[in-house]
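Colleague: I would like the entire structure built from these sequences, with the hints used as guidance.
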Amino acid sequence: MFSFEVGSLLNIAVVLGAGLAVSVMMIWVERRFLGFWSDRLGPNRVGPFGIFQVIADAIKMLFKEDWIPPFSDKFTFVLAPMILPIVMLMALAVIPFAPGVGVMDLNIGLLWIFAMAGLASYSTMLGGLASNNKFSLLGSLRGTGQMISYEVFMGISILGVVILADSFTLRDIVESQRDGWYVVPQFFGFIVFTVAGLAESHRWPFDLPESEAEIISGYNTEYSGMKFGLFMIGEYIAMVVMALLMPVLFFGGWHAPFGLEFGTPLISGLFWMSVKAGFFLLFFILVRAALVRPRYDQLMSYGWLVMLPLSLINLLVTGAIVLYQAG
Amino acid sequence: MSNSAAHMQQSETELPAVIAQLYQKFGESAFVRQHTAEGMPTVWVDRDKILEVLKFLRDEASPRFEMLLDVTAIDERLRVHRDGQPDSDFTVVYQPISFSGNCDVRIKVALKEPDLNIPTAIGLWPAANWHERECWDMFGVVFTGHPNLSRIYTPPTWVGHPLRKDHPARATEMDPYRHDDDIVDTEHEAMKFNPEEWGLERKSDTSEFMFLNFGPNHPAAHGVIRFALQLDGEYVLDVVPDVGYHHRGAEKMGERQSWHTYIPYTDRIDYLGGVMNNLPYVMAIEKMAGIEVPDRVKVIRVMLAEFFRICSHLLFFGTWAVDLGQLSPLFYAFVDREKAFNIIESITGGRMHPSWFRIGGVAQDLPNGWEVRVKEFVDMFPKKLREYDKMVMANTVIKQRTMGVGKMNTQDAYDWGMTGPALRATGLEWDYRKDRPYSGYENFEFEVPIAVNGDCYDRAAVRVEEMRQSCEIIRQCLENMPSGPYKSDHPLTTPPIKEKSKLDIETLIDHFLSVSWGPVMDPSEVSMAIEATKGINSYYLINDGGSGAYRTRIRTPSFIHIQAIPFLSRGLMLADFTAVVATTDFVMADVDK
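Going line by line, the protein sequences match chains B and D.
First residue of the first sequence? That's 1 in the numbering used here, and the numbers climb one at a time after it.
First residue of the second sequence? That's 1001 in the numbering used here, and the numbers climb one at a time after it.
These are computed hints drawn from the structure, not numbers from a lab.
Don't be surprised by glycine CBs; every beta carbon is placed ideally from N, CA and C.
Treat the hints with care, since some could be wrong.
[Unchecked claim] To give an idea of the chain D side of the interface with chain B (calculated C-beta under 8 Å), a few residues:
#	residue
1	1116
2	1326
3	1327
4	1332
5	1393
6	1394
[As the list claims (entries may be wrong)] If you want the footprint, here are the derived chain B segments under chain D, 3+ residues with CB under 8 Å:
#	region
7	37-47
8	246-258
Modeller: Written out as structure tokens, the structure is:
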């Protein structure tokens, strides 16, 4: 049965606000860290450490001409960029941050996230199709193909976790990791999930739907101003969701490592959750600075020939062990 | 090694082997021989025989002439000094090159108005295609049998042939430009894309193709070039490159400038090559004038040319990685390039276009303390190259993306006129600096890197290794920089040595004329080629006794290399196409001149 528990209004406001704020700040964080990793400074002019670059960017984006190409399908063209941030915020809603912190607990939380991730691909697909531009078309085709393939084993890769925790509720999954993180028994699941997560959020090196060396900017080539901004923010929210899911599923969520708990469970939980999620955010940026984009067919065959079997074997072995232990 | 020098002296006294063979095959009466300043064997032949002669040179001559290095034309109608040359209005010049025999030959064909046509050489060398289109575009020489004799640099609506002597060279010589509605309409009509005109089918039995306009503004197009791609899904079926967006008539400018004032224009041909572009130009003039430059000048020139080779290859390296989807190497490469540019700036005062070489020398002596900065660079750079090897060249994904992609063998390279790193990547060990040393390269110890597969990876690997060798050459320049003057003590050195002007009125007048008009030399023809950053770059200058060139021909490697892109990329995916484009390593200013 479908059951859920919604947090207090304060809870909702703070979590969604913080989620959005962090996502927006990621614009600056990413540019700054990419800069460091490629021997540059990154944005450092506006405000302390260039932190207000985000505001400057936002102002620029808001005041840019909001151009809708006359040859596009106007309704879909406007609709497409809205889908991504909305569904990603909805995915964010089921993530537990600390004991008592979270928008809602859903007994099918994990499935909910997958449903939202699946819907997000419509943003890419419709955006590219509605643009009526050949580069966009190629981008949206790539995006759709990539989403469909990588979602398959992204789902399979975390079934191991579900078997171990015996629940789809994210809060229960975190709770069941009190005595040991799932990254150890589910190491292959973790690897597959990381790769698939990067691919799902179109992060480098899996940004084939918009690889600028080949198809200019892919599905969002025709977008400018705030509509482009929505795509960008949506992608950053997806990245934040992915970075939050990592600790929730594999690294013990808000539980402190090595018993390093301090203060109240709430403070300690929020602290450790932020540290863990922050680590993965930076990891995603580092990956972008370091790795090479594979070719589309290589990406596909890698997915179906390596990742899928790996995740299936992982699932079978986990299931077998759990059944054996249960007698 | 000193083949070319020996060869040159030979030509003065006895018949070059290639001409002897031609005489033997076709009879001496079929040819008229011409002497040129650089001693390249040059003969005139009738239009009816040209194809036979070229075919003989390609297939039967010993050594064989594998590649057609250049085809160009000369408008002879206003030329005064043509002693002994057959009567001609327009002369078509073919220049095949033999790598196995390390020699050249120049074949000329005289054409009289109004009968300006000559059979096409595409059947012998596919690379002749664009050369001949260029000749038609610039001179109006018709190549009969050419499959697509259309404008290549100028727009299809252009009237006239720009390199003809009666075509205006400046806007002020023309009527004011109008931008009326009817002109706009014609221009728009001419811009319409019609696949059939480009030789592309709209559909096959099974699928309808998509035409993708890759460029003229595309992040991976490396400048204003346009490729019309015929796609089946993501597979590239055919490519038609469209160039000319950057054409500014550099050869025409050469006819208006004096020998000296043309130097800055050369910098902007291959704008990543900087002073390396000055080198073939000033060396050609020096040969014409008989100037022997001091050793210090030679070594300074080599050092700067190699710095620019490193700069150019670093830019290639970074953009190549970005085109494959790796972000960071570009920035690392630019940091190193910046260091090299800082040194270039402290020596020449300029960065990308220093225009620093002079006829008979260089502009200034090296600044005090140059050794320190150069030493820092040569100590630092090899370490950085090792880092790049680990980060990029050893990267598995990069290898997967580029190995076996865009392959060509040595014969293909001959056919398509590929020189430089692209030719060496197919396994041919031939480098102008080694095989025909100029500017004292024979005194340096360096390797000529080659690869075997001729694919995208190999082309990149050859360039990376060339950077290492260039760094080694710079180190040798640093350690063995000769002392002495930075300008030749020759009267035609431009600008002449200032101190001398203060001695008496004669030298003052001499100096004044040399600076205001530039040097005047006896009429002659000369060509000089170098191993430029992207391949063989040659300047073919015709001096009719004026203070500048009667005709300046610049053979640029990039122009020829673009032609091979369709050959390299048919059947690949779109992502591979960008890899091919990146490793072809062209500069649009070098393509369009």
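Colleague: Tell me the numbers of any earlier hints that the structure contravenes, in ascending order.
Modeller: 1, 5, 6 and 8
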